[in-house]
Amino acid sequence: DSDTTNISKHPIYTFRAHGQMYHNIRSFGKQDGLDRSHLELYFYDDDPSLEHRYRSCRKEQCQKDKEVITQLVNILHGNPYSEHLRSMGHVDDVDDYHITLNLDQRMDQRRYNTPTTSEVAAVWVEGSERRRQFENSVILQGKNRDIYGIKSYHGCYDALSYPLFFPRGELGWHTDIPKEGVPYETVMAARAARLAHGHNNRSSNPFGGRLCVSVRDYYCYKLQMRPGIFNPILFGKRLFQQFAVDTYIKIENSRLDYIWGHQDKIRADLYQGLVDSLHAGEGRADSVGKRTVLATSFIGGPRDMRRRYMDAMALVRRYGKPDIFLTMTCNPNWDEIRQELYPGQTPQDRPDLVVRVFRAKLEELKNKLLKKDILGKVRAYVYVVEFQKRGLPHAHFLLIMEGRYKLTCPEQYDRLISAELPNKKKYLELYKLVVKHMMHGPCGALNPECSCTKGRPSCKNHYPRPFNAATLQGKDSYPLYRRREDGCKAMVRKEWLDNRWVVPYNPHLLRYFNCHINVEACGSIKAVKYMFKYI
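Residue numbers (the numbering used here): 2 to 536.
Keep in mind the hints are simulated off the structure, nothing from the lab.
Even for Gly, the Cβ is constructed at its ideal location relative to N, Cα and C.
One or more hints might be untrue.
[Said to hold, decoys possible] Here are the computed distance ranges between Cβ atoms for each label pair:
no., residue 1, residue 2, range
1, 368, 165, 17 to 25 Å
2, 458, 345, 38 to 46 Å
3, 409, 487, 20 to 28 Å
4, 300, 345, 32 to 40 Å
5, 409, 342, 42 to 50 Å
[What the hints assert, rightly or not] Below, computed lysine-lysine pairings styled on DSS-like, alpha-carbon distance capped at 25 Å:
no., residue 1, residue 2
6, 530, 427
7, 437, 426
8, 437, 495
9, 530, 367
Work the whole structure out from these sequences, hints included.
Listed below in structure tokens is the structure:
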């Protein structure tokens with residue numbers, strides 16, 4: 002992602018996916034005139050294979066140590082998939098063979114079957130006839146250049162996609178992993194009953210979470226940190242980011258497949274037909290067809306966002322306009338994150354750790370606002386959690402205060418909100434926090450390449466703000482905070498900035514949470530529309 006890898010001297014790597022991800026596997030033959038790649042590398046003898054890998058790295062200008070590559074090859078020697086494929090190098094007429102990957106493993110092969118490599122990894126059959134050995138399989142054939150998809154519900158999905166995370170070819174998630182205490186026979190009986198009724202939605206949990214482990218539960222287990230136990234996934238750095246995104250897409254696909262298979266339960270029939278299409282403004286016959294409706298429980302879907310917006314507007318109608326708009330952004334340098342990093346890691350290498358700590362901080366913020374009434378008694382609230390492109394989660398809160406705690410005059414604004422640099426001599430700790438977290442820019446004429454100014458004549462957030470001797474009520478429902486011209490300045494990213502660049506904050510919350518936490522008074526429903534701007 003060039004937008005985030007070039008923003009500073011210490012770039013942030015991000016792995017993003019747009020739409021569906023596909024994991025494909027090619028057949029194992031080598032076509033004349035083409036270099037060997039992917040599975041074909043396993044048919045080399047050890048030394049030529051290693052030299053080919055090293056030569057490829059040099060071509061890509063990757064400064065990799067030959068000894069490291071040797072270690073990686075040795076690690077994969079115990080991988081049943083690579084062992085079996087490597088053994089195919091001794092077959093004379095490879096075109097007369099094909100490999101069938103058993104993708105319908107209803108039990109852990111290493112536990113219930115004879116522990117031989119061929120049975121664990123694959124079955125290869127003599128002859129050219131494409132005979133199916135399993136109901137759901139992937140067949141790799143000689144010099145056939147076809148690409149076969151590995152589905153997310155296949156047990157070999159993780160081992161084939163991320164061999165360094167699963168070097169022994171461990172069986173990954175599939176739909177028939179029983180929960181603790183559930184006999185495997187019970188799972189098989191339920192599976193047979195489901196198939197008897199014609200339900201074969203393999204990519205989602207078939208029993209509603211009652212008997213089998215869901216894909217979400219499985220990967221929550223895999224990403225846990227356990228003292229004294231080495232977890233290679235947590236050391237993957239950039240590959241871990243790809244794995245995390247891939248895993249989330251797998252979880253989301255499981256939910257979508259469940260919704261697709263249960264349209265009758267969410268009353269999708271009410272959305273079908275010509276009348277609905279015409280009411281929606283569809284006048285062409287080719288645009289009228291069957292619609293798959295997302296349930297309101299699908300987070301981020303249009304019905305979910307619309308429901309949240311309508312709920313927020315209902316609160317406004319019942320309790321009045323919001324009084325405080327608060328934004329809290331994750332700080333990757335929190336002690337709770339730094340203390341749990343492994344040697345050589347940075348926060349961007351551990352997205353799992355960052356979001357877990359942020360979640361804990363978010364719960365503490367809710368406790369401060371709603372139970373300890375740090376800003377006053379809250380009558381109603383709504384909040385959303387979003388993720389920035391550079392990977393840092395943040396939360397937006399809208400608070401509707403009880404009558405005597407509503408902000409109605411400049412004196413009440415100044416009591417809770419500050420938009421000035423504190424006195425450095427009297428409040429040194431707070432001064433450092435404001436300079437670190439609450440200074441906008443520099444942007445505009447000082448830095449035309451800043452993201453908020455690039456391609457614009459001025460900052461889109463209207464910084465620098467004008468000096469004000471006292472807080473005034475603004476025209477757009479937001480007040481003009483007190484920003485005195487007192488000569489107080491701070492060096493921020495090689496520029497001297499004064500009070501005009503300070504983002505409004507609450508001193509207590511800033512000191513307590515040690516992160517960017519913007520607090521502003523508002524008296525308009527525009528903030529509700531901003532929170533649900535994706536509708």
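Which hints, by number, does the structure contradict?
Checked against the structure, the hints that fail are numbers 1, 6, while the rest are satisfied.
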